[in-house]
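Visitor: Chains as they are written, first to last, in the numbering used here: chain A, 78 to 382; chain B, 78 to 382.
Simulated from the structure, these hints should not be mistaken for laboratory data.
Even glycine gets a Cβ: it sits at the ideal position worked out from N, Cα and C.
Hints are supplied without guarantee of correctness; some may be wrong.
Some residues of chain B that are not near chain A, with every Cβ distance over 12 Å (derived) [stated by the list, open to error]:
1. R151
2. T179
3. S211
4. I247
5. I353
6. N363
Within a straight-line C-alpha distance of at most 25 Å, the following computed DSS-like cross-link-like pairs (lysine-lysine) qualify [claimed, not checked]:
7. A:K329 with A:K348
8. B:K246 with B:K79
9. B:K79 with B:K294
10. B:K183 with A:K246
11. A:K158 with B:K183
12. A:K282 with A:K294
13. B:K291 with B:K308
14. B:K197 with A:K158
15. B:K282 with A:K183
16. A:K183 with B:K246
17. A:K329 with A:K240
18. B:K313 with B:K345
19. A:K183 with B:K183
20. A:K282 with A:K308
21. B:K240 with B:K329
22. B:K246 with B:K183
23. B:K240 with B:K305
24. B:K158 with A:K197
25. B:K308 with B:K345
26. B:K348 with B:K294
27. A:K240 with A:K305
There are 2 protein chains.
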Amino acid sequence: MKITALAGGVGGAKLAHGLAQILSSNELSIIVNTGDDFEHYGLTICPDLDTVCYTLAGLANPETGWGRENESWRVIENAAKLGGPNWFRLGDQDIATHLERTRRLKEGQLLSEITNDFCKAWGIQHTIFPMSDSPVRTIVTTDEGELAFQEYFVHRRCEPRVKGFRFDKIEVAVPALGAVEAITSSDAIVICPSNPWVSVDPILKVAGVLDAIKNKKVVAVSPIIGGKTVKGPAAKMYAELGIEPSANAVAKHYQNLLSGFVLDTIDKDLKNNINIPTLATNTMMNTIAERAQVARDVLHFIRSL
Amino acid sequence: MKITALAGGVGGAKLAHGLAQILSSNELSIIVNTGDDFEHYGLTICPDLDTVCYTLAGLANPETGWGRENESWRVIENAAKLGGPNWFRLGDQDIATHLERTRRLKEGQLLSEITNDFCKAWGIQHTIFPMSDSPVRTIVTTDEGELAFQEYFVHRRCEPRVKGFRFDKIEVAVPALGAVEAITSSDAIVICPSNPWVSVDPILKVAGVLDAIKNKKVVAVSPIIGGKTVKGPAAKMYAELGIEPSANAVAKHYQNLLSGFVLDTIDKDLKNNINIPTLATNTMMNTIAERAQVARDVLHFIRSL
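The shape of chain A in the complex, shown without the other chains (with noise of 0.2 Å):
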């Protein structure tokens, strides 16, 4: 069975890292949000596709989900002494990342090559894809105004209240090379336990995308458990949106697109509100293992379907 993962950082690495573990290099591809990346000192930083990418190489810092293992942060220190902006805390290996991708991205290649490259030089296997190979970054509206997403995200600690969402330059947004192509010759498709406004939004509205999935199984792994989220802002924005933060309100988000459900064991309750196949399960993913082990639910309920 052949799979494609829809990813954003942290909670979708997890689950990509656990469909790692079982599909071969063949039987899975993941795309990857790129709606978060921004330009800082200069350095085009993809936070959603390097956590997705640490976290498969086994590099990710373990204790906060993004960023490096054993990382250290002696160039943001100093630049902070120089007067630099520190709020988006920038270690010594993760800036290697994106120096060389900065580079290389202003000499012309494409993300997708580039992060192929990445992905070969940390001995990833799976073929990671960035949801395009243009610029598109998230805007959020908010009560303060509008907001780049890491402005939002890092440096107000997502305390400005959320009133909508869009995507500067998603209609002209060329999706990746070859990622289109990963979901056409998939048999499902699986939507990992990430943000569905800001990082699975984007990803289905790049061109092709959509159209692409449509025919497909598609399984989405719900990120609120409990009416919370393990990390990020998604329940929060969704309540600030006037709809209450449940397992429930992430299935209607995506309706008429899935064919199964996921929710946590949790709120299994809530199963009977759904109008869809849904599998409770525990979705939390704490350990590798675990991560593997909902991946395995997540495969065997496909195949259910």
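With the hints as your guide, set chain B onto chain A.
Guide: Chain B only, in chain A's frame:
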């Protein structure tokens, strides 16, 4: 006595540091070559400027004379793992300087303003000017064609045979804010023991610098000692250009500009061949105290002229 020193990299930085130990911030300004600057990984790197700043701040690596003390190399090592170029060894602390400088340059700020702020942050009392607020790039003409300076100097280890030099955009180079005024208000100019061809000549060619210097007492310190350089390719360049490398050759290089010349005790016999007042003294600056001693000798010599 007010002094403006003209300096390139390591040798120039040492004498500038010597002068800074003796003269107050009102008595000494330093103008530094920026012809060696280049763009690497999208960063604007100013090797001579940083060497002078790090040296005066007491942050320089005492072993190499360039780069930072207690440096680490995590960024460049990780970038190299991704296939990025590592022929120019960028240290982690040093990268912070380049990142913050590049960030501010892209905001439209002047290199002289940025340098001034960096000096304050590093606790440097004296004013250090880049020679220009617009990019000038030294190009080395060699038997293998034209090479950008750092390509010649670091990547190719000065191996190609030198045929000449040109300074790209020197004709339109804007002197740094306040640099010409510093010269004008000085009593004397000290040309530090830097490479005459690629460290000092570019400074002299910036619009207004030569005119401002002409009516001043100008003393140059020979970077060539016993026919060799302490560091760098000046002697090799003289030889390849068909000129015997010697303190004489340096004096001749600056000819009409000089009021006096300083050469090393080892070369004291050459004094007879130089038709301007010439001081022979120890010019090796292995220790911080020796830097001050050479500066003291130079200042005493200037007063005698």
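Visitor: Each hint: holds or not?
Guide: Hints, one by one, checked against the model:
1. Here R151 of chain B does not stay apart from chain A, with its beta-carbon only about 4 Å from theirs, under the 12 Å limit.
2. Once the 12 Å rule is applied to beta carbons, T179 of chain B is inconsistent with being away from chain A; the minimum gap is 5 Å.
3. The beta carbon of S211 of chain B sits about 19 Å from the closest Cβ of chain A, which is more than 12 Å, so the claim that it is off the interface holds.
4. Every C-beta of chain A lies more than 12 Å from that of I247 of chain B, the closest at about 26 Å, which supports listing it as non-interface.
5. Once the 12 Å rule is applied to beta carbons, I353 of chain B is consistent with being away from chain A; the minimum gap is 42 Å.
6. At the 12 Å boundary, the C-beta of N363 of chain B stays outside the reach of chain A, the nearest C-beta of that chain being 28 Å off.
7. Between K329 of chain A and K348 of chain A the CA atoms are separated by roughly 12 Å; this keeps the pair inside 25 Å, and the hint holds.
8. The hinted pair formed by K246 of chain B and K79 of chain B fails the criterion: a straight-line CA distance of about 30 Å is larger than 25 Å.
9. Among the hinted pairs, K79 of chain B with K294 of chain B is consistent with the structure: their alpha-carbon atoms are about 11 Å apart, no more than 25 Å.
10. Proposed proximity of K183 of chain B and K246 of chain A is supported: the alpha carbons are some 23 Å apart, at most 25 Å.
11. Taken as a hint, the K158 of chain A and K183 of chain B pair is honoured in the structure, with Cα atoms around 19 Å apart against an allowance of 25 Å.
12. Annotation: proposed proximity of K282 of chain A to K294 of chain A holds, straight-line Cα distance about 18 Å (limit 25 Å).
13. About 29 Å separates the Cα atoms of K291 of chain B and K308 of chain B, which puts this hinted pair outside 25 Å; it is violated.
14. As the CA atoms of K197 of chain B and K158 of chain A are separated by approximately 10 Å, the hinted pair is consistent with the 25 Å bound.
15. Taking the CA atoms of K282 of chain B and K183 of chain A, the gap is about 32 Å. The hint is violated against a cut of 25 Å.
16. Distance check on the hinted pair: K183 of chain A and K246 of chain B sit about 23 Å apart at the alpha-carbon level, within 25 Å; holds.
17. Annotation: proposed proximity of K329 of chain A to K240 of chain A holds, straight-line Cα distance about 19 Å (limit 25 Å).
18. Between K313 of chain B and K345 of chain B the alpha-carbon distance is near 22 Å, which keeps this suggested pair within the 25 Å criterion.
19. Taken as a hint, the K183 of chain A and K183 of chain B pair is honoured in the structure, with Cα atoms around 15 Å apart against an allowance of 25 Å.
20. Distance check on the hinted pair: K282 of chain A and K308 of chain A sit about 24 Å apart at the alpha-carbon level, within 25 Å; holds.
21. With a C-alpha separation of about 19 Å, the suggested pair K240 of chain B and K329 of chain B falls inside the 25 Å cut-off, and the hint holds.
22. This hinted pair checks out: K246 of chain B and K183 of chain B have alpha carbons roughly 19 Å apart, not beyond 25 Å.
23. About 19 Å separates the Cα atoms of K240 of chain B and K305 of chain B, which keeps this hinted pair within 25 Å; it holds.
24. Taken as a hint, the K158 of chain B and K197 of chain A pair is honoured in the structure, with Cα atoms around 10 Å apart against an allowance of 25 Å.
25. A threshold of 25 Å between alpha carbons decides the hint, and for K308 of chain B with K345 of chain B the separation of about 21 Å falls inside it, so the pair holds.
26. Proposed proximity of K348 of chain B and K294 of chain B is supported: the alpha carbons are some 19 Å apart, at most 25 Å.
27. In summary, the hint linking K240 of chain A to K305 of chain A is supported, as the alpha carbons are separated by about 19 Å, within the 25 Å threshold.
The structure shown violates the earlier hints numbered 1, 2, 8, 13, 15.
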